[in-house]
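If you read the sequence shown in the UniProt record's numbering, its first letter stands for residue 1, the second for the next number, and so on.
Keep in mind that the hints were calculated from the coordinates and are not lab data.
Values in this document were obtained by computation on a predicted structure and should not be read as measured data.
Idealized CB from N, CA, C, for every residue including glycine.
Watch out, some of these pointers could steer you wrong.
As the list claims (entries may be wrong) - In silico SDA-like cross-links for lysine to any residue, where the CA-CA straight-line distance does not exceed 20 Å: (1) Lys6 / Pro25; (2) Lys58 / Asn206; (3) Lys193 / Ile205.
Unchecked claim - The following label-pair restraints were derived from C-beta to C-beta distances: (4) Gly134 / Phe174: 20 to 30 Å; (5) Phe185 / Ala46: 49 to 59 Å; (6) Ala14 / Phe185: 39 to 49 Å; (7) Phe54 / Val24: 46 to 56 Å; (8) Ser107 / Arg182: 24 to 34 Å; (9) Pro121 / Leu77: 17 to 27 Å; (10) Ile187 / Phe8: 21 to 31 Å; (11) Val124 / Phe13: 45 to 55 Å; (12) Glu171 / Ile109: 15 to 25 Å; (13) Thr18 / Val89: 29 to 39 Å.
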Amino acid sequence: MSTGLKRFVTGFFAVLLTTVVFWVPFYFVIINSFKNQAEAAEMTMALPTTFEIFNNYKEVLTTADNMLIRAFYNSTLLTVLSIIILIFVSAMAGFVMQRREGGRASSTINFLVLAGLMIPPAIVPTIWVLDSIGLFKTLAGITLIEVALHFPFSAILYKAFMSTLPREIDESAFIDGCGGVRLFFSIIFPLLKPVTSTIIILQAINIFNDFVNPLYFFPGANNATVQLTLYNFMSRFTTSWNLLFADIVLISIPPLILFIFFNKKIVAGMTAGAVKG
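Can you build the whole structure from these sequences, using the hints too?
And the structure:
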């Protein structure tokens, strides 16, 4: 088999696998969001006898006093605040971890950061801590939770990318009288755009789609995030599948658009620090 034919066959099966894994379930969700309640409950991929697109999506947007619209606001605000804090904290941590590699505390710090990737959060103690400092059920509290949970991965990415920046940059800046804070924010941080773009996209999608943390640490009808609105159409005895699927489609649009338009930046940022310069 020639090289060109091998590439064609590989590409064909890759596209086929992507279609089966992603687009078939997505089609299933979309087509059932167009049906009435009885037809959607049959869970088939057949076309609806009558399209209820307008009625379904209107009801989803207006249910529980426009909860979905309020949830979009909450999720967007939570995502933006978390990403802003996460970027600066992770970038500074990655800079220190990489530049002071080999020091006495380096191995301990690296272990603690890696432990953050492996050790799951303790729900009850975290709630107790947040409640004791007055941050339980607050936007500030859930923002700090999201930053803490996504910090290890982001700091490791920054550290890997930082290894591609020569130390001579730091030395030249210090010779010119540049302090540590000015060095980082004026010289180093602007050079981190590729990995910063990657972290913004990946973590924004994760935080926007987070279900568990807002459920535990940010309860309340007024605090609902987009994933928690799925409960509007589920109950113990019955589920409005057509409305549930319509809700899923609506809350999937922002992350999907973000991923489609910026997927090349994700790859570039992930591979930029793979080889040390």
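Each hint tested on the structure:
The hinted pair formed by Lys6 and Pro25 fails the criterion: a straight-line CA distance of about 28 Å is larger than 20 Å. Pair hint Lys58 plus Asn206 does not hold up; C-alpha atoms about 27 Å apart against a cutoff of 20 Å. As the CA atoms of Lys193 and Ile205 are separated by approximately 18 Å, the hinted pair is consistent with the 20 Å bound. For the hinted restraint 20 to 30 Å between Gly134 and Phe174, the CB-CB distance of approximately 42 Å leaves it violated.
Take Phe185 and Ala46: their Cβ atoms lie about 58 Å apart, and the range 49 to 59 Å holds. Distance hint check for Ala14 and Phe185: the Cβ-Cβ separation is about 42 Å, which falls inside the suggested range of 39 to 49 Å. As the Cβ distance of Phe54 to Val24 is approximately 25 Å, the hint placing it in 46 to 56 Å is violated. The hinted window of 24 to 34 Å between Ser107 and Arg182 holds, with their beta carbons roughly 29 Å apart.
Evaluation of the 17 to 27 Å hint for Pro121 and Leu77 yields a pass: the beta carbon distance comes to about 22 Å. Between Ile187 and Phe8 the beta carbon distance is about 47 Å. The supplied range of 21 to 31 Å is therefore violated. Between Val124 and Phe13 the C-beta distance comes to about 47 Å, which sits within the given range of 45 to 55 Å. For Glu171 and Ile109, the hinted distance range of 15 to 25 Å is satisfied, since their beta carbons lie about 23 Å from each other.
For the pair Thr18 and Val89, the beta carbons lie near 35 Å from each other, so the given range of 29 to 39 Å is met.
The structure fails to meet hints 1, 2, 4, 7, 10 from the earlier list, while all remaining hints are met.
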